[in-house]
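*Asks:* Each chain, written out:
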Amino acid sequence: MEILSLLGSGMLLAVQPLNLLLILLGVTVGLFIGAMPGLGSVNGVAILLPITFLVPPTGAIIFLAAIYYGAMYGGAISSITLGIPGASTAVATTFDGRPLARQGRASLALVTAALASFVGGSVANVIFTLFAPVLASVALSFGPPEIFALMLLAFATFVGLGGDDIAKTIFSICFGLVLGAVGFDQISGAPRLVLFDITGFLQGIGFLVLAIGVYGIGEMLWTIEESRGEVESSNPKMTVRGMASDAAEATRKGWRGMTIGSLLGFFVGILPAAGATPAALMSYGVAKMTSRNPEEFGQGKVDGITAPESANNSASTGSMLPMLTLGIPGSPTTAILLGGMVMWGLTPGPRLFLDEPEFVWGLIGSFYISNIAALLINLAFIPVFIWMLRMPFSILAPMIFVLSIVGGYAAMNDMFDIWLILIFGIGAFVLRRFDYPLAPAVLAIVLGPIAEPTLRQSLLLSSGDLSIFLTRPIAGTITVVALILIFLPALKLLRRGGSKRGDKAA
Amino acid sequence: MLITKRAFLTLSCAAIAATNPGLALAQEWQPRRPIDFVIMAGPGGGADQIARFIQSVAEKMDLSRRPLVPNNKGGGSGAEALLHVSAASDPDHTILVTLNSFFTTPLRQDNLGIDIQTFTPIAMMGVDPFVLWVHAKSGITTVDQFVEKARAMNGEFVMGGTGTGQEDSIVIAFLSGAYDLKIKYIPYDGGGAVARDLAGQQVMATVNNPAEAKGFYEAGDFVPLLAFSDERLMAFPDVPTIRELGHDFSYYNQRAVVGAPGMSEEAAEYYRSVFTKIYESEDWQGYLASESLSPLWMNADEQRAYWAKEVESHRALLAALDS
Chain A
1 MEILSLLGSG MLLAVQPLNL LLILLGVTVG LFIGAMPGLG SVNGVAILLP
51 ITFLVPPTGA IIFLAAIYYG AMYGGAISSI TLGIPGASTA VATTFDGRPL
101 ARQGRASLAL VTAALASFVG GSVANVIFTL FAPVLASVAL SFGPPEIFAL
151 MLLAFATFVG LGGDDIAKTI FSICFGLVLG AVGFDQISGA PRLVLFDITG
201 FLQGIGFLVL AIGVYGIGEM LWTIEESRGE VESSNPKMTV RGMASDAAEA
251 TRKGWRGMTI GSLLGFFVGI LPAAGATPAA LMSYGVAKMT SRNPEEFGQG
301 KVDGITAPES ANNSASTGSM LPMLTLGIPG SPTTAILLGG MVMWGLTPGP
351 RLFLDEPEFV WGLIGSFYIS NIAALLINLA FIPVFIWMLR MPFSILAPMI
401 FVLSIVGGYA AMNDMFDIWL ILIFGIGAFV LRRFDYPLAP AVLAIVLGPI
451 AEPTLRQSLL LSSGDLSIFL TRPIAGTITV VALILIFLPA LKLLRRGGSK
501 RGDKAA
Chain B
1001 MLITKRAFLT LSCAAIAATN PGLALAQEWQ PRRPIDFVIM AGPGGGADQI
1051 ARFIQSVAEK MDLSRRPLVP NNKGGGSGAE ALLHVSAASD PDHTILVTLN
1101 SFFTTPLRQD NLGIDIQTFT PIAMMGVDPF VLWVHAKSGI TTVDQFVEKA
1151 RAMNGEFVMG GTGTGQEDSI VIAFLSGAYD LKIKYIPYDG GGAVARDLAG
1201 QQVMATVNNP AEAKGFYEAG DFVPLLAFSD ERLMAFPDVP TIRELGHDFS
1251 YYNQRAVVGA PGMSEEAAEY YRSVFTKIYE SEDWQGYLAS ESLSPLWMNA
1301 DEQRAYWAKE VESHRALLAA LDS
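Top to bottom, those sequences are chains A and B. Residues in the first sequence are numbered from 1 upward in steps of one, following our numbering. Residues in the second sequence are numbered from 1001 upward in steps of one, following our numbering.
Don't read these hints as lab results, they were simulated from the structure. This list has only true hints and no planted wrong ones.
Here are some, though not all, of the chain B residues that point toward chain A, as calculated from beta-carbon distances under 7 angstroms: (1) Phe1053; (2) Ala1079; (3) Gly1192; (4) Gly1200; (5) Glu1218; (6) Ala1219.
Quick look at which bits of chain B chain A covers, simulated, 3 or more residues with Cβ under 8 angstroms: (7) 1056-1070; (8) 1080-1087; (9) 1158-1164; (10) 1179-1190; (11) 1206-1216.
Quick reminder that beta carbons are idealized off the backbone N, C-alpha and C, glycines included.
One chain only, chain B, in its complex shape (with noise of 0.2 angstroms):
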């Protein structure tokens, strides 16, 4: 249940080692085209602003030949975006930037036919911390303030979050289970709706990932209550941790990029080794420290077992939430 980023911690820097000597190589091979940069979520959104920041590094830092052309594929909890990469026609020119409706949607949709292991690993950006924020307007500074709120309105208290099955809706539903709340749950397209219909007090929680509501912290609308890290966050010291409270879970999403399936090995080298170079560039470190993401570096090898790792663990997590 728990996502042990500690132990890839560690393997990082060697992860970084290890794809280094690939970068002579991987000059071998070459864009001929745009490359389709497939989101797996609207436009907005934390998957989002992540990947239009992958790309602006990029592009900055002229690490490719071809340009990045982000496409947007939000369709089905992602299940839009798995389908046109798996399909994709020119596999070594389509990338897909993952969260974690990569491990879920597939699961929740077996008709699909995709198995995420057919995918190219290519890299892990790090992972993003959940949040539980309430408007300031509504008053609530501390969780049991939001627990007692929630149970006073019985089945009346609205969370917004992204579709059902998803990272918002697993952790809302952990969060209820936990403390016996009834939450009525709004689905909705993408983080950033989300975010919004919070600060114009549509809902009344979300949990969404800070840099999808950092803009109204920064301005005094939202109040985060509760992190859902293993550690307090840095950019919210005061804000505890739900396993300070006695709860053992944690929750992340990845911010990974993986390469459709039956790209060739050249092609996928190429790619890690512009990534790794994302990666390392001063603009993701600082974007990884201001918006409160976590690093968690892996190779190939540990992308596809962390992949089915998370796999089994989300199985654990969707039974939960239909149970």
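Here chain A stands alone, though its shape is the one from the complex (with noise of 0.2 angstroms):
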């Protein structure tokens, strides 16, 4: 009871008119920033952190935890309408709304994102209320190995899916983690695989040059070559009830990947060094091996956009608690808010909660406000996005080869980054032509820099002991599974091969 009165007087905080004119505005950004390919909330929040001394701490955290909030709806609206992820954590949305979109089934991949977006930021809200201070403390359970076994598993499942072809699978996995090795080894700091000794590689490959690669550009060469120029764009009507039906239709088929994106994308934020980008492509990666249709996934599954939306928004949610609680910052989002909390004056960590309630329970209070004007807010320009999509492909393409080029320059304002892009587009094309699944590479690039330190530390921990992954009962627990999903298709795979041998035979 005593939370729920806290939560109530700090949600009164955020309907302040001050606070809400900046949740608003926040929000309004964010999903402008979140939707340009290249910017995420990062940026946004980085831009933005200066002005937030024109208000009192409470309505600066508010507005900058909006445009958090924001970004993570928008980043799904480029992925979906052009292809192209317009942050590294809407990655995963495009694998499986560019293709529903191009169905002409965009309104409905967008409405799809938002009311993931919205069911996994409310679940996120609720769990955050009730048990932050409870799981401040499993956070920091996870050791090198527990976080390692977490990886292995996030790996399995991705491996471990029906449809595809599992050894080209395991190709695409084994790309992704070289290219992640790329640049300095944190363990001892040498430089590795600097090809050609260019010193570009010395930085590492950035995720989301890959992404953009292979989704922007590459994506863009598919349909160009599919459709020999003339991609019948699709036109949609929207109208107020078609949302409706749209969001029904969501509810429907999109249920379970809500369910696993939400819980999964909270727990997932909430541990140290992974943060949205991680819990997306995980729940990404559950979803379809749960799924009793796994082969549907990447042909425009609902399940596949619900899972990642509703997870980035959950884990965003999910960093912000071991940033409040023990002043630690979960992603790099919350480490720019974490500065901006030392530089009003607060300390954040374990006695925050009790010296600073108000500002706790305001910033609390903000997300449920937030969440409900992120979703109205982009529901209403949903058409304005379809409306982008009514142009000629002839149009859009180059206005896709723009954006890819700007934002995977704006990332990083290194033009090396933009050749990578190019070669990975035209790469991404031809690997696509022989039918190799590129997801996993993008997942590798993304979780094999976060695995391959946490292998070294615990094996470290152990003096080089492989069991240290089994006898610590949550890795334990979390690695046991990982191996069951990787040797069943292996199994699986030899069975076949044996049928195939006793076919021919007979």
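Fit chain to chain and form the complex, with the hints in mind.
*Replies:* The following block contains the structure:
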């Protein structure tokens, strides 16, 4: 009951005219920043941090959190309409969002994304409100072995997929892992895989660079080649009633993804070093793996949109938890929020909930309000985004190309990234012609750099003994599940191979 | 081996006075675009917190017409940041918040081709001491108990720190040498992650900077045992220094701002005036006090001399680490 009254007073604080205005402004700004390829919540929060001095700290963090929220909604928009991930957190949304849009169901895809974001945010808010202090200690119980086990599980969900060719999936994962290993080794500090001594490789290959290359350029080339320039642009009509029926369809077909994304996303979000991008990818993997029709994923399945979209919103709320309760950011964006709190004179950490209840509960209250505001504003803008899709592909294709290049440059201000994007785009197009799944490579370049150091830290802890992943209770449980998922399809493959040989003999 | 900050403390007043005449001149050059404010460490660690605090003071006092945009490049013990800054296409708009990996990383990786003397000195904002921390649940409250426990575990005592060859590993190497301990060292990508894993008792002890451990200390989770500073820290008056225990050693992390190689003198003067104002601000002086940093102001020439001296002392420390 005490929590409810605290939350109530927090919400009242959040709907005060100034704070409400800041929420609406923040969500709208965030929505557009998120929709711009290359720019994500990190950029938005960093750019707008300075103007928060004009308002009191509670208003300031509410504004920044609203941008964070809005950007999570916005990232889906360009993923769906253009096939370019609007932000790294929305990469998984392109897997099914883009195909669905190309089937002329862009409005369904956009409404689904908005609704899933709302559900993910709401579930996360409730969990946050009720269990914040308890979950902080859960996050701390995840040391290197536990995090590595979790990464193993994430890979397992992608290997153990029914529909794809397993050998090609493994190739794709390995390719992504190699790309993720380029640059400096965290443990020894030595440079690795600096091809042809090009200094650009020393900085590593950014995940967004691969994603924009594969999904922006690669997808554009694919569409051109497939249609020989004759892409029929979809001509969906947007009405309030249409949206309502889309929402009903999204709920009916996507509730599984929403459930998985909301819960898993929150959990991954509170873990250190993870954040919304791995959360979205993992939720997609789990949703596909547990689906009765996994082969439909990647073809425009509603669950394939709801899982990552609910996960990235849920995770962004989740990553606020270690920031507020421990003073440790769970994602790059929360790192900037943390800096903001320090400069407003607050000390994030175990005592914040006790010392600054008004600030903390005002912020939590604002999550609820922001979430509703983001849903409504997003829905209101959907017709505008749909209108973009009515343009003929001959106009859309150069737009996608330009946005990919500009977005790729904006992320790091480095021309080297542009060359990589072009190379990855062409490479992705070729690989796709030979039916290689590319999502596992994208997953690997995100998770590889988390998995590798935690593997090595764990092995340092155990003096090289692999049993550390089995003897610790949490790590052990996760590892066993992951191993089963990895070897299950391998067994199936063997059995199928055996029966084929049997056929020949007969 | 020891860092003589006192020598520079006396110079600090003179240095502030010396940079002041430059203020009028600095008005002539103004940044034309957002400033790439590169941080040599990942988000959440001591270097990151300080960079963001500096940025916030700059914004609050409205010192810069264009924003400082923080850019974390912590890869390869800061090598990523050094390469990024030295290859900056626009050196007048690229500055770097450094820590001691500014000295150690080019020493350890001479194939990077980084010569730190080509960088442009801007401001020395302070030096950050190191403190030995254990978790309250370990029951350890004194250095003697720590040493006893670490010896009893015979190579199984686990300490976390930043990357191999970085500040934490230097301090821990000295500690294990001085007390003849066998310590299992786990490298992390930043001080924030190290503090988190001590809070979760994944590691048994750390040498975090006070700023990184403060929240957990105040909540009663962390216990400070030993300070690697010249004098006792005001925030922890009961914690002995390693010097008091008979070891001629102290170690600080520099919190300095440097400009990209090739930065024009006008731009350098502009940034010096901005960071002088930040340094003198109530906010920064309050931060130094609350986070237990020591002031160590220097002018540009003194900074270059300091760099040269630090490179030599780190060469010796790293040689000891490798042997």
